[in-house]
Amino acid sequence: GTAPTEIYTLSLHDALPISLLFALTFGFRFTVFLYRRKLRDVSGDISTISAFGKRGIPTAGGLLVMMSVTFSILIWGDLTNRFTLVLMAGFLYMGLVGFLDDFQKVRFKSSLSGLSQFGKTLLLLLFIVPFAIFLVSGMNPVPEPLRTVIFIPFLKNPVLDLSMGLYIAFVIFADRKSTR
Numbered sequence: 001g002t003a004p005t006e007i008y009t010l011s012l013h014d015a016l017p018i019s020l021l022f023a024l025t026f027g028f029r030f031t032v033f034l035y036r037r038k039l040r041d042v043s044g045d046i047s048t049i050s051a052f053g054k055r056g057i058p059t060a061g062g063l064l065v066m067m068s069v070t071f072s073i074l075i076w077g078d079l080t081n082r083f084t085l086v087l088m089a090g091f092l093y094m095g096l097v098g099f100l101d102d103f104q105k106v107r108f109k110s111s112l113s114g115l116s117q118f119g120k121t122l123l124l125l126l127f128i129v130p131f132a133i134f135l136v137s138g139m140n141p142v143p144e145p146l147r148t149v150i151f152i153p154f155l156k157n158p159v160l161d162l163s164m165g166l167y168i169a170f171v172i173f174a175d176r177k178s179t180r
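Residues 1 to 180 (my numbering) are what the sequence shown spells out, left to right.
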C-alpha cells in the first residue's frame, strides 16, 4: 500500500499548482472587481512611510487567497478527514475575521476604524479555544500519547511533552501570536 506521507505529498504537489493557477486566472479580474466596488485600502491615517504605498489599492486580497486555497482543498483534500475539516474551518474563520476588519476600515474610510484589538482577540479566541480542546480530546484521531507533545520539523523525536492544560495554553498563545 501507499504510505500516508506519500499520499499527502502527492496531494500537496497537486494542490499547490491548482491554487496558484486559480489565483493567476482570477486574480486580475477579482482585483478589478474590488477596485470598481471601491473596496480600496485606506491606510495612511497614521503617517508612516510604508502605509501611503498601499493607499487606493484594492483591499480584501485575502479573499483571493482564501478562495484559491479553498478551491484547491475541495479538489484535492480528503474531506472525510477531521483534520482537513477543522483546519479548513479555522482557515476560513480567521480569514472572515480579517475580512470583517478590512470591511470596517473601508466602510468608515479610515484604517483606525477596523475591529478593535479586544474585538479581534475575542473573535479569534472563539475558534482557538475549541480548537485547542479538540487537539487534546478523544475526537482527535492522533493516538493519545502523542496529543500533547511538541514536534519541531525535521527532528525525528518530540522535543517536549506537555500536560493537557499546558498544551491547550500553548496552542492558544501560539495561535493568537501567529494571527497578529
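Hints were generated in silico from the structure; no laboratory data involved. We treat Cβ as the ideally placed atom computed from N, Cα and C, and that holds for glycine. Warning: the hint list may mix true and false statements.
To be verified - Label-pair ranges, simulated between beta-carbon atoms: (1) M139 with L166: 28 to 36 angstroms; (2) F99 with R29: 27 to 35 angstroms; (3) L12 with F173: 21 to 29 angstroms; (4) F173 with G27: 16 to 24 angstroms; (5) L155 with L24: 34 to 42 angstroms; (6) V32 with T80: 14 to 22 angstroms; (7) D78 with A174: 36 to 44 angstroms; (8) L125 with R37: 30 to 38 angstroms; (9) F108 with V65: 22 to 30 angstroms; (10) L16 with F173: 39 to 47 angstroms.
Please test the hint of 27 to 35 angstroms on the beta carbon pair from F99 and R29.
violated, 19 angstroms
Status of the given 14 to 22 angstroms range, CB of T80 versus CB of V32:
violated, 38 angstroms
Starting from the hint 34 to 42 angstroms, judge whether the C-beta atoms of L155 and L24 obey it.
holds, 36 angstroms
Go ahead and decide if the range 36 to 44 angstroms is satisfied by the Cβ distance of D78 to A174.
violated, 25 angstroms
Assessment of proposed distance window 30 to 38 angstroms (beta carbons of L125, R37):
Roughly 31 angstroms apart at Cβ, these two residues keep to the hinted range, so it holds.
CB of F108 to CB of V65, is that within 22 to 30 angstroms?
holds, 24 angstroms
Note whether the CB distance of F173 and G27 lies within 16 to 24 angstroms or breaks it.
violated, 34 angstroms
If you check the beta carbons of L12 and F173, does the distance land in 21 to 29 angstroms?
Since the Cβ atoms of L12 and F173 sit about 28 angstroms apart, the hinted range of 21 to 29 angstroms holds.
Quick check on a hinted range of 39 to 47 angstroms for L16 and F173, using CB atoms only.
This hint is violated: roughly 29 angstroms between Cβ atoms.
Taking the CB of M139 and the CB of L166, does the distance hold inside 28 to 36 angstroms?
violated, 20 angstroms
Comparing the model with each numbered hint stated earlier shows that hints 1, 2, 4, 6, 7, 10 do not hold.
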